[in-house]
Amino acid sequence: MSPVRYRPSDLVDFVVIGAGAAGGVVAKELATSGFQVVVLEQGPYLRAKDFTHDEVDVLFRAALINDPKKQPNTFRRTPNETAKRRQSIEYARLVGGGSVHFTANYWRFHPDDFRERSLLDAIPGADLQDWPITYDELEPYYTKAEWELGISGLAGSNPFDGPRSKPYPLPPMPVKGSGVLFERGARKLGYNPFPAPVAVLSRPYRGRSACVHCGWCEAFGCEMNAKSSTLAALLPLAESTGRCEIRPESYVRKIETGPDGRVTGAIYFDREGREMRQRARAVVLCANGAETPRLLLMSGLANSSGLVGKYLMFDGGLFAYGLYEHMLNEYKSIVVTRVLHDFYASDPKRGFYGGGGLDSRMDMYPATFALNGMPKDEPQWGAEWKRGVGRYYTHTSGILAHSSCLAVEQNSISLDPDLKDAWGLPAIRVTFRNHPDDLKAMRFLVDRQVEILQASGATKIWSDPVEEVSYSRHLMGTCRMGNDPRTSVVDRWNRAHDVRNLFIVDGSSLVTCGRQQPTETIQALAYRAAEHMAESARRGEI
Amino acid sequence: MHGITRRDWMLAAACWTHVLRGQTSSPRFAYFDPATAGEIEAIADTIIPGDETPGAREAGVIWFIDGALAGYDKDQREIYRKGLADTERKRADLFPGSQSIAGLTSEQRITLLKAVEDTGFFVAVRRHTILGFFGHPKYGGNRHSAASRLLGIETATHFQPPFGYYDQELEK
Numbered sequence: 030m031s032p033v034r035y036r037p038s039d040l041v042d043f044v045v046i047g048a049g050a051a052g053g054v055v056a057k058e059l060a061t062s063g064f065q066v067v068v069l070e071q072g073p074y075l076r077a078k079d080f081t082h083d084e085v086d087v088l089f090r091a092a093l094i095n096d097p098k099k100q101p102n103t104f105r106r107t108p109n110e111t112a113k114r115r116q117s118i119e120y121a122r123l124v125g126g127g128s129v130h131f132t133a134n135y136w137r138f139h140p141d142d143f144r145e146r147s148l149l150d151a152i153p154g155a156d157l158q159d160w161p162i163t164y165d166e167l168e169p170y171y172t173k174a175e176w177e178l179g180i181s182g183l184a185g186s187n188p189f190d191g192p193r194s195k196p197y198p199l200p201p202m203p204v205k206g207s208g209v210l211f212e213r214g215a216r217k218l219g220y221n222p223f224p225a226p227v228a229v230l231s232r233p234y235r236g237r238s239a240c241v242h243c244g245w246c247e248a249f250g251c252e253m254n255a256k257s258s259t260l261a262a263l264l265p266l267a268e269s270t271g272r273c274e275i276r277p278e279s280y281v282r283k284i285e286t287g288p289d290g291r292v293t294g295a296i297y298f299d300r301e302g303r304e305m306r307q308r309a310r311a312v313v314l315c316a317n318g319a320e321t322p323r324l325l326l327m328s329g330l331a332n333s334s335g336l337v338g339k340y341l342m343f344d345g346g347l348f349a350y351g352l353y354e355h356m357l358n359e360y361k362s363i364v365v366t367r368v369l370h371d372f373y374a375s376d377p378k379r380g381f382y383g384g385g386g387l388d389s390r391m392d393m394y395p396a397t398f399a400l401n402g403m404p405k406d407e408p409q410w411g412a413e414w415k416r417g418v419g420r421y422y423t424h425t426s427g428i429l430a431h432s433s434c435l436a437v438e439q440n441s442i443s444l445d446p447d448l449k450d451a452w453g454l455p456a457i458r459v460t461f462r463n464h465p466d467d468l469k470a471m472r473f474l475v476d477r478q479v480e481i482l483q484a485s486g487a488t489k490i491w492s493d494p495v496e497e498v499s500y501s502r503h504l505m506g507t508c509r510m511g512n513d514p515r516t517s518v519v520d521r522w523n524r525a526h527d528v529r530n531l532f533i534v535d536g537s538s539l540v541t542c543g544r545q546q547p548t549e550t551i552q553a554l555a556y557r558a559a560e561h562m563a564e565s566a567r568r569g570e571i
Numbered sequence: 110m111h112g113i114t115r116r117d118w119m120l121a122a123a124c125w126t127h128v129l130r131g132q133t134s135s136p137r138f139a140y141f142d143p144a145t146a147g148e149i150e151a152i153a154d155t156i157i158p159g160d161e162t163p164g165a166r167e168a169g170v171i172w173f174i175d176g177a178l179a180g181y182d183k184d185q186r187e188i189y190r191k192g193l194a195d196t197e198r199k200r201a202d203l204f205p206g207s208q209s210i211a212g213l214t215s216e217q218r219i220t221l222l223k224a225v226e227d228t229g230f231f232v233a234v235r236r237h238t239i240l241g242f243f244g245h246p247k248y249g250g251n252r253h254s255a256a257s258r259l260l261g262i263e264t265a266t267h268f269q270p271p272f273g274y275y276d277q278e279l280e281k
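Residue numbers (our numbering), protein chains in the order written: chain P, 30 to 571; chain Z, 110 to 281.
Bear in mind the hints are in silico, worked out from the structure with no lab data behind them.
Note that the coordinates shown come from a computational prediction; the quantities given were computed from them, not determined experimentally.
Ideal Cβ positions, reconstructed from N, Cα and C, are used throughout, including at glycine.
A couple of the hints might just be wrong.
[What the hints assert, rightly or not] Straight-line distance between alpha carbons at most 30 Å, and here's what the computed DSSO-like set of lysine-lysine pairs gives:
id: 1; chain 1: Z; residue 1: Lys191; chain 2: P; residue 2: Lys98
id: 2; chain 1: P; residue 1: Lys99; chain 2: Z; residue 2: Lys183
id: 3; chain 1: P; residue 1: Lys195; chain 2: P; residue 2: Lys173
id: 4; chain 1: Z; residue 1: Lys281; chain 2: P; residue 2: Lys405
id: 5; chain 1: Z; residue 1: Lys191; chain 2: P; residue 2: Lys405
id: 6; chain 1: Z; residue 1: Lys281; chain 2: P; residue 2: Lys489
id: 7; chain 1: P; residue 1: Lys449; chain 2: Z; residue 2: Lys183
id: 8; chain 1: P; residue 1: Lys98; chain 2: P; residue 2: Lys283
id: 9; chain 1: P; residue 1: Lys78; chain 2: Z; residue 2: Lys247
id: 10; chain 1: Z; residue 1: Lys223; chain 2: P; residue 2: Lys489
id: 11; chain 1: P; residue 1: Lys78; chain 2: P; residue 2: Lys98
id: 12; chain 1: P; residue 1: Lys173; chain 2: P; residue 2: Lys78
id: 13; chain 1: P; residue 1: Lys405; chain 2: P; residue 2: Lys217
id: 14; chain 1: Z; residue 1: Lys191; chain 2: P; residue 2: Lys99
id: 15; chain 1: P; residue 1: Lys449; chain 2: Z; residue 2: Lys281
id: 16; chain 1: Z; residue 1: Lys247; chain 2: P; residue 2: Lys99
id: 17; chain 1: P; residue 1: Lys113; chain 2: P; residue 2: Lys283
[Stated by the list, open to error] Okay, the calculated beta carbon distance ranges per label pair:
id: 18; chain 1: Z; residue 1: Ser254; chain 2: P; residue 2: Gly417; range: 49 to 57 Å
id: 19; chain 1: Z; residue 1: Thr264; chain 2: P; residue 2: Asp376; range: 45 to 53 Å
id: 20; chain 1: P; residue 1: Arg567; chain 2: Z; residue 2: Lys281; range: 58 to 66 Å
id: 21; chain 1: P; residue 1: Gly219; chain 2: Z; residue 2: Ala211; range: 56 to 64 Å
id: 22; chain 1: P; residue 1: Thr516; chain 2: Z; residue 2: Lys281; range: 54 to 62 Å
id: 23; chain 1: Z; residue 1: His267; chain 2: P; residue 2: Arg146; range: 29 to 37 Å
id: 24; chain 1: Z; residue 1: His267; chain 2: P; residue 2: Arg472; range: 40 to 48 Å
Produce the complete structure using the sequences and hints provided.
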């Protein structure tokens, strides 16, 4: 069936804003449940055949992400500073969103992630809270996400994982040199490395072909449809219902409200810059943890708590690298093949909140490695650099720590009072300073990374410096989920406390950020919320 | 299933490379004047010098830089204009009587670039040189498979395990 086209004046059941990891799930679930859906996506509608291995275009010219030249943001550490222009947020800007360009790590949060406040008590200088839902409530939706999207992994191999109702649908991907060395070092130290669960097909699955190990996963779209994005796995199902229209290059500037306070649709600029207005019975906002609060603030909506945009949590973590005697050729195949969660849980004995997950990876493409990959004690240009860079490129492995980030109220997304984007809308202003425990966790983890690299036989080891984070690809916490409308923006079903027919489903509703790698949790929440939306709509309770 | 296959894409890329290589015989820059291009190319070829594998000059990096300053990175023109002027003054200080960066010996060029390597100009030229050298040939650089020869990597688009020594060792 060819995809349906609605007129903006048609009153459709749902408008979904953002066709990414969450929006793709919501659109598919609502359309297959019988509802009319229009998905407004600011980026283009690229298909598998449009994806390239063009590092310049993708990594240095923002082909698939928010372009700093058109969508600049400002940054400051604390609210009493004037924010200056400095790019500090990144998100995928295309149909499929971050699920298209992500590295494809697919981790569940641990059961304790949902109840850290109860387990650990309050943390001074932060606002650590329990989630209003438990791991057990979310578990069926984690499983649903894994089976619908197609995840490769080995159930039971991570001793710290919560209970699972089903194994992964696909076996793990073949291990790479980085994974072999990581596992060797970690086992020697008594740790528990396990095969990485990834959103990449190790075997053909539901009409999609298996990975061919081309090596261009992270930051790129998959031209084989082997990466389990919503673009590859879900949106075709949504469109085939004949009830879902995906409308790309539609940049929403406002969610409209009627006299009764209910939302009535969305106003957006189309690809020609014309202002359009799509009417809908309900709106689902899935625009990511930065654009979602920005749109709510621009719309003056859902903010009786005053917390829209607050509790911004960033991606944290550092790289450590090792040089080895033999060739690894990390430029082949997927990025991560081994993971370790031994330091994931917060342990009060360490004297700080937090921890992290480690994974094996050397994820730099040729130009990126040539620019930034050589250790600082090696020449960075000239004949000697040229003689060394190839050996380093093929003989280096690494470990990335994904570390905790506490929710702090003053860390936020707000509207910049001066700077505008290319559409004339207020630019995003980021206020962010790590809680001291975030930095302590990073220092602790980098020591663990170095230990593992040593135990694995690296002949030389170097690492990133531990410093305040000022750039993030994970944008979380800015429309916090909770039971109390005074201290949260959405309820336990991702419905805005203030507006019954407005739902917010993306990284913004996360109460804590686990140990990064939030995509699976965002998608599980989206499945759960969409099911609730469909049931509520059928009962006339939206 | 229709649409462009990987093979079509590879063929298209190969044709592009062919067309762009043809340009070397009739060079026409979109942004640079020939004298400025010569100076920038001399800097680029010092950053990545030719030896048994191509350097920046042979890889056609100047074409990438020219295209970048004509297009996506046109906001960096002032960094180049001012930076090159400063670097020429530095050259005249260090090597009185010299006429151009291109006219220096390679040892002199290395001395000059070490004297300016912390400037925004050098950082910008190094960045563009590397992007041109390692980027897609459709931008004019990375000619003669310069990047894969320098790094010693295979350029296939499909691979099979084992990928390197350590996973192969594990299989044994």
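* Structure-inconsistent hints, enumerated in ascending order -> 4, 15, 18, 23
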